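Respectively, the protein sequence lines represent chains F and G. Taken in order, the first sequence gives residues 17 to 343; the numbers are from this note's numbering. Taken in order, the second sequence gives residues 68 to 361; the numbers are from this note's numbering.
One or more of the hints may lead you astray.
What the hints assert, rightly or not - Here are the simulated SDA-like pairs of lysine to any residue, each with C-alpha atoms no more than 20 Å apart in a straight line: (1) G:LYS160 / F:ILE201; (2) G:LYS160 / F:PRO329; (3) F:LYS23 / F:PHE39; (4) F:LYS219 / F:ALA202; (5) G:LYS348 / F:ARG132; (6) F:LYS255 / G:ALA138; (7) F:LYS23 / F:VAL35; (8) F:LYS243 / F:PHE96.
Derived by calculation from the structure, the hints in this document are not laboratory data. Here the structure is a predicted model, which is why all the values come from computation and not from measurement.
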Amino acid sequence: MNFNRAKTFLLAAVALCFVISLFEKNINSYWLSVCYDIGINIILAVSLNLINGYTGQFSLGHAGFMAVGAYTAAAITNQFTGSNPALADATFLGALLAGGLLAAVAGLLVGIPTLRLRGDYLAIVTLGFGEIIRVILQNMDAVGGPRGYSVMHNWTNFFWAFAIAAVTIYTILALVHSTYGRGFIAVQDDEIAAAAVGINPTKYKVTAFVVGAFFAGIAGGLYAHAKYFISPDGFGFMKSIEIVVMVILGGMGNTPGVILAAILLTLLPEGLRSLADVPSLPGISTQYPLSWIGNTRMIIYSLLLVVIMLIRPQGLFVFKKDKASCR
Amino acid sequence: MINGLADGSILALIALGYTMVYGILRSINFAHGDVFMIGAFAGLYLTPKVAAFLPTPSIWAGLVVMLAAMAICAVLGILIERFAYRPLRRSPKLSVLITAIGISLFLEYAGQFVFGAAPRSFPVLIPSTHITQIHGLSIDSNQIIVLVVTIVLLIVLRFIVLKTKIGMAMRALSFNPEAAALMGVNTDVVISFTFGLGSALAAAAGILFAINYPAVDPLMGVLPGLKAFCAAVLGGIGNLPGAALGALIIGIVETFVAGSEFSTYRDAIAFAILILILLIKPSGLLGKKDIEKV
């Protein structure tokens, strides 16, 4: 990848986000919140792709890192009561970074068992960490415990969600395509061979977990400030699974595919919902002919998931064999 | 302690299904916890039907309901395998994982659609009495039933796996699928049978769970499913006695924690035990160590 070009793209993406965010007031607020979800899901999926796709580990605890980031950021911004917009932005950025750093520490804690575990054993341990984080949050009265925690500021906007998504994509791609980062792919392809040529697999695995968790924490902070309300149940096992599905559907270690899958899987349930609201169809006389979709949309969603996987088991957006070729 | 044994044996029945499927296919059957839920709902709907010709609550009615639910879930398990897993036999393992998750979500949402999302109370299937012992120890007769049924099912399972021809085929398949196929083992039939057997055990667990905690809802399978998976990994996945042992350990420790001042941490404890044990012995309690060759 040509880095100067990539940097230009990054700047252009951030600038575009800023321009779009100026028109934010003109966009329907429902679709705007769907857009935030898309941005957040892109961050989550791309960062999980570093762990699951490029490094070949199998983490089922991404929602746990997200929860750490969300609660940390919300706890910090809830202290903020001023009205200065510049100060508010600085606080928000600081809170997001703090959430990311704390999540990275959690990632370090999870990364350490990867020294010894692999495959399904690792999957269940990361799942366990995610669940433990959830139960601990349920028992923390300072942040509301099982009742959830309300977030005072709705600071997440189009600019933050997508600019950070662009930074995430850029960082992960730059990391993986750097000389150092080739090691991630080497560890994924063959750990023993990688060790034999002087790559330290443990170091790479832990790095992947820490970097992935950092961005998941930031996504968590964005999520908290987009929804005003977070509860431990929102960061359960199902949320982790949702992110894993995005990564696998997009194709492991295929960043553009993963981004597309994140967009598609966020839009799919919402799109089905709006189909249910179509008042009439040509040729059909009844009103709201598709309203049955409203009740069954999650059933349709799960069936589509199975069918897509049966048709394209290698991932929806994988068109060539070579995983890491970008040159 | 008795509570823990009862919980542990229900978990053991679910964990055995996980571990059997893993032993043969090397993949996690995420829909297993939902088969457990379907088993409990099958019990809910069958009870009035059985009550028409057998006096309920009685042990016989309970047995009939349980066997019928096991049969229904065995068919369900075989169907799941046929349509969601078999077409992907030659694909990467992770694709199978996604279809498993898809099926799991499908069963949960379809369950909410068909059965309603609110918890439903489970009818009294077997009369429950308290048996009080000398030391003031109170045991519910249902817990005895759970233990007895589990032990009987484990003996039957052990007989099937160790003494019958299809059991031998199952073991051969988990040892080396290609070699087993070359020796004339019909792999598809054996895999279907394994899914059926595992799902039947999950259904039995579902009924026992519903008898012990008389409420069923479409999401009831998620947490027991995860814990049973933990138990299977704890004992060394793919290892039948290991799964039972892991489940008993988790059940007992969980009950003790629930009785202590840390009761709100109950749901995390299964995972904490698992992580601790895997840190010390990465292949599980009774698991074999795989030596990786280059």
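Quick rundown of the hints versus the structure:
no. : hint                : result
1   : G:LYS160 / F:ILE201 : holds, 19 Å
2   : G:LYS160 / F:PRO329 : holds, 10 Å
3   : F:LYS23 / F:PHE39   : violated, 25 Å
4   : F:LYS219 / F:ALA202 : holds, 13 Å
5   : G:LYS348 / F:ARG132 : holds, 9 Å
6   : F:LYS255 / G:ALA138 : violated, 33 Å
7   : F:LYS23 / F:VAL35   : holds, 18 Å
8   : F:LYS243 / F:PHE96  : holds, 18 Å
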